[in-house]
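Given the coordinates of chain R, work out where chain C should sit on it, guided by the hints.
2 protein chains.
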Amino acid sequence: MEHLKEKTLESERVFDGNFIRLRKDRVVLPNGATSTREVVEHPGAAAIVPLTPRKEVVLIRQWRHPIKEVSIEIPAGKLSEDEDPLECAKRELSEETGFSARRWDPLIQFYASPGFCDEEMHLFIARDLYVSDGRPDEDEFVEPLVVPLEAALEMIETGEIMDAKSIIGLLRAARFLEMEKV
Amino acid sequence: MEHLKEKTLESERVFDGNFIRLRKDRVVLPNGATSTREVVEHPGAAAIVPLTPRKEVVLIRQWRHPIKEVSIEIPAGKLSEDEDPLECAKRELSEETGFSARRWDPLIQFYASPGFCDEEMHLFIARDLYVSDGRPDEDEFVEPLVVPLEAALEMIETGEIMDAKSIIGLLRAARFLEMEKV
Chain R
1 MEHLKEKTLE SERVFDGNFI RLRKDRVVLP NGATSTREVV EHPGAAAIVP LTPRKEVVLI
61 RQWRHPIKEV SIEIPAGKLS EDEDPLECAK RELSEETGFS ARRWDPLIQF YASPGFCDEE
121 MHLFIARDLY VSDGRPDEDE FVEPLVVPLE AALEMIETGE IMDAKSIIGL LRAARFLEME
181 KV
Chain C
1 MEHLKEKTLE SERVFDGNFI RLRKDRVVLP NGATSTREVV EHPGAAAIVP LTPRKEVVLI
61 RQWRHPIKEV SIEIPAGKLS EDEDPLECAK RELSEETGFS ARRWDPLIQF YASPGFCDEE
121 MHLFIARDLY VSDGRPDEDE FVEPLVVPLE AALEMIETGE IMDAKSIIGL LRAARFLEME
181 KV
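Going down the list, the protein sequences come from chains R and C. Note that UniProt numbering has the first sequence beginning at 1, numbered continuously upward. Note that UniProt numbering has the second sequence beginning at 1, numbered continuously upward.
Same shape as in the complex, but just chain R (with noise of 0.2 angstroms):
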């Protein structure tokens, strides 16, 4: 795949702010042309689809200020320096829902928007659930909701499921379910 890649000219840091970081790069074309590429930076983040003994999946409401709207989805959370994804997913669990679990399995990596951005979103199934003593951090507003699964793959049907991590951490864990049965 060496003739579709693009070299990098240079780069220079455009923002740098409390959680995006973004820079432009002049980069040189598989034809010899040069162009610029706009790169928002992430550390990269961890999410959980944590399930009960009844196979009840434990959600969060927040709202999210980019699309001004209450959004559903899977526990989850960014990397700090460093992390290790299964850590991070850990702290993270605990902190937006107030469990911990004692079996955990990953699931799947993918990136988030891979053509403006470097995210890349490590997700785990979350078994065997017990309550920790985690809590959110201050500026974070997080209500648990707590659906079987079946319920959860009907609330992306509805569209009231629309975040994207969500919607892959809820058909991976039905089909690894699925799987683990075989």
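No lab work stands behind these hints: they were computed from the structure. Certain hints may be false.
Identical copies look the same in the list; a pair holds intra-copy or inter-copy alike.
Here are the computed lysine to aspartate or glutamate pairs in the EDC-like style, where the Cα-Cα straight-line distance is at most 20 angstroms [claimed, not checked]: (1) 68 x 87; (2) 181 x 128; (3) 78 x 95; (4) 181 x 157; (5) 24 x 41; (6) 78 x 118; (7) 7 x 143; (8) 90 x 137.
Chain C alone, transformed into the frame defined by chain R:
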């Protein structure tokens, strides 16, 4: 859900690029404290699962600069101003694959990364393909890859397909075809 809502106090444009626009909002949190939200503004996008009569899917390979990899994805593109998502999908299918389609159905809509970006993605399934005269934009280098839908689903399992919209599109398309049979 009013009690989870954040109210915007002020808004500042911090970057206005060719592709990415970024603003910084000052918001009031549910507890009355104030905080800052950085938002990547995106015009929205459309993506297509194009299926041949033999249930092959037309994928594309392209270099994704942010992740520095060749990515295998379904065809997709950004909406032009006020563009209807279906019109965008038709245009992008033709530009990126050289195919047009006589039969279109909506698959799902979702938010790619609602934590920091307002991008809404509109997904379609396109059938009854025929060869059109589309070709990619000058600075876009894409290569088509035609594989059976079952093989594409397997490429999600193996990690060969790691792009969120493509994962959602392929999983939804498989389900859509199954439902039609019922």
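At most 20 angstroms between CA atoms: does that hold for residue 78 and residue 95 within a copy, between copies, both, or neither?
within (13 angstroms within a copy, 35 angstroms between copies)
Intra- versus inter-copy proximity for residue 118 and residue 78 (alpha-carbon distance at most 20 angstroms):
both (13 angstroms within a copy, 18 angstroms between copies)
Since the copies are identical, ignore which copy is meant and state whether residue 7 and residue 143 lie within 20 angstroms (CA to CA) inside a copy, between copies, both or neither.
Close across copies (18 angstroms), not inside one copy (45 angstroms); limit 20 angstroms.
Up to 20 angstroms CA-CA - residue 157 versus residue 181, copy category:
This pair counts as between: shortest inter-copy Cα distance 18 angstroms, intra-copy 25 angstroms.
Are the CA atoms of residue 181 and residue 128 at most 20 angstroms apart within a copy, between copies, both, or neither?
Cα proximity of residue 181 and residue 128: one copy only (17 angstroms, versus 37 angstroms across).
Since the copies are identical, ignore which copy is meant and state whether residue 24 and residue 41 lie within 20 angstroms (CA to CA) inside a copy, between copies, both or neither.
both (11 angstroms within a copy, 16 angstroms between copies)
With identical chains treated as interchangeable, where does the CA-CA distance between residue 68 and residue 87 reach 20 angstroms or less: within a copy, between copies, both, or neither?
neither (30 angstroms within a copy, 26 angstroms between copies)
Classify it for me, residue 90 with residue 137: is the Cα-Cα distance of at most 20 angstroms met within a copy, between copies, both or neither?
Answer is within: at 15 angstroms inside a copy they meet the 20 angstroms cutoff, but 44 angstroms across does not.
Violation of the numbered hints given earlier is confined to hint 1; every other hint is satisfied by the structure.
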